[in-house]
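Chain A is already provided as a structure; the job is to place chain B with the ligands on it using the hints.
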Amino acid sequence: MEKTYQRPVSLYKSSSGYCPGCMHGVAQRLIAELLDEMSLRERAVGIMPVGCATLAYTYLNFDTIHAAHGRAPAVATGYKRSRPDSFVFTYQGDGDLAAIGLAEIIHAANRGEKFSAVFINNSIYGMTGGQMAPTTLVGQKSTTAQGGRQVEMSGYPIRMCELLSTLKAPVYVARFALNTPANILKAKKGIKKAFTLQLENKGFAFVELLSNCPTNWGLSPEESLNWISENMIPYYPLGEYKTPEGSESRGN
Amino acid sequence: MEKLFMKGNEAIAEAALRAGCSFFAGYPITPQNEIPEYMSRRLPELGGVFIQGESEVASINMLYGASAAGKRAMTSSSGPGLSLKAEGISYLAGAALPAVIVYVMRAGPGLGHIMPGQNDYFQATKAPGHGGFKIMVMAPSTVQEAVDLTCRAFDYADRDRNPVMVLVDGVIGAMMESVTLPPYKKELPDKGDWIADGCRGREPRLIRSFILDALALEDFNKKRAGMYERWQREDAVVEEFMTDDAEYVIAAYGTSARVARTSVRELRKEGLKAGLIRPATLVPFPYDSFAGLGEKKVKGILVVEMTIPGQMIEDVRLGVGDRLPVYFLGRSGGVIVSPLEVKEKVLELAGGGRK
Ligand SMILES: Cc1ncc(C[n+]2csc(CCOP(=O)(O)OP(=O)(O)O)c2C)c(N)n1
Ligand code: SF4
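For the protein sequence lines, the chains are A and B, in the order given. Residue 214 in the working numbering is what sits at position 214 of the first sequence, and the numbering runs on without skipping anything. Residue 245 in the working numbering is what sits at position 245 of the second sequence, and the numbering runs on without skipping anything.
Next comes chain A alone, as it looks inside the complex (with noise of 0.2 Å):
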């Protein structure tokens, strides 16, 4: 019989460190799977960040240079100018690129560099233990708001993909969610066509993909899907924010 479900070559064969239910091991497999797919693994060089994600280290099979708090598209522009004919991805959490590595990733994404961007929006710090995010929801608690998020003290969740797209040079913005096998699938398009647009030289794709920290939001694996789409996904609206073809289509 054909064997239609394996590991991919790009993950190494290993134990999961993430907490149970965590989306952070799909997402990196769905990256790891279009290595495969694609024949880069061996050109390949992930930029890794601060944060939950950082674990990727003991999972993928592949060349990967871990990067200070929020300056992996810093590291990425040395890394890809140095070596035009890299295949480079970045992998970060939304305190590492919204908080401390806005400007970096505002600007790699305005310069048009020619890498990706996997942008995994959890709402949260995770591995510091759930503190307020600037992606956090209105009255949504963290430890460091306890009471729930509050406008007044701390502003509005920004949502980068709206931002990102008001810039000229990215060739590709997107906003995707780990909550259903259904997205899942998407993301993957989306992640994958990304990472084409990257082999074609053609400059800057950001792919957002909203996922769960079910220990840190305190809520068991399947109720944490479940507030993606109740709570995220409409302050979070999927979809493609800008294209090459230019075209937009927004919503679910």
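For the record, the hints were derived by calculation from the structure and aren't laboratory data. Note that the structure is a prediction, hence the values are computed from the model and not measured. Keep in mind that a hint or two might mislead.
[Said to hold, decoys possible] Mimicking SDA-like on lysine to any residue, the simulated pairs with C-alpha atoms at most 25 Å apart in a straight line are:
hint	chain 1	residue 1	chain 2	residue 2
1	A	K13	B	K273
2	A	K13	B	A291
3	B	K191	A	D85
4	B	K186	B	P204
5	A	K192	B	P204
6	A	K202	A	H107
7	A	K13	B	G294
8	B	K273	B	G294
9	A	K202	A	T243
10	B	K185	B	F50
11	B	K185	A	P84
12	A	K168	B	F50
13	A	K13	B	C199
[Said to hold, decoys possible] If the Cβ cut is set under 7 Å, some of the chain A residues that face chain B in the computed set are:
hint	residue
14	E42
15	N61
16	I65
17	S82
18	R83
No residue lacks a Cβ here, since even glycine has one placed at the ideal position from N, Cα and C.
Okay, now just chain B with the ligands, sitting in the frame of chain A:
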């Protein structure tokens, strides 16, 4: 060999190119702007990469990427910018990535002033970033030496897989002198055994500054400490000028040392036996030159720096121990110390000076 009349900052940039630097990222700050300006023009001509980063933080992290890709990479900045680069310098050291950082000092603290200073000795030599590591620090006092030490900085960075700093004050960066430039380096060290360049035909590599096993991290730090000791034994560069029979020795580096050399000559004319010890590497610091002074006829040491309070004086004291008295003359705020005031201070110490 090519002889040219060049400004310090531009000579440093040209030296870097000749040493094989093919990547530069930086952010404007006075008094080092000629370096990125020069690089923005010359690097693309030579097929290299120039990027004006959005900040110092981004620029040094771009170096991190370029270095991991195997390039000889350089950045430059001054006080406020170097503080921001501290993060990246620490990560470079933690990840064992080579890079060259040119630090053109101005007066501080804070925004301070764009005038030249030597206020950043502590930052450069003691804690260029968090985590307790060392980087080599070159301290040229002529434009020619800036060229030579910049070339050496790239070689040492690659040899040790560690950042190297070229530390000059704003005077050296801005002054013009004639320099002999080395030819463009054709063969660069092979880094194929450690860089991240895609895992074709080999096991994947991980370039990172974290080591999550306590004993392994301790081992990394021990190995690095061994490297610092080797620098101390083998790589310290110091110039001793008229120290053989000296009764008073001046210790200074960079521009202060140029000034002090004039003072030594003047003092000799007046019959006072003065000498100069000029460290050209601040890390490793030439402690031995100072430790040896106790056996000579020396009566005292005057440390001259363009900073208040003094900073290098602490290393001089470490070298001298309690064998000899150590005095300090400092100017700050951008004021360049003058040969006359150095001379008068030595005369005063010798008891024969005008007040
Ligand atoms: C300069 C700096 N500040 C703070 C930290 C501590 N830190 C580690 S992970 C993290 C938050 C990461 O959150 P996020 O990017 O949302 O990723 P997640 O863990 O949720 O996947 C922080 C603040 C650090 N490593 N570096
Ligand atoms: S803390 Fe949150 S983001 Fe991190 S592994 Fe656990 S569930 Fe995932």
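Could you tell me which of the hints above the structure violates, numbers in ascending order? Hints 1, 2, 4, 7 contradicted; others consistent.
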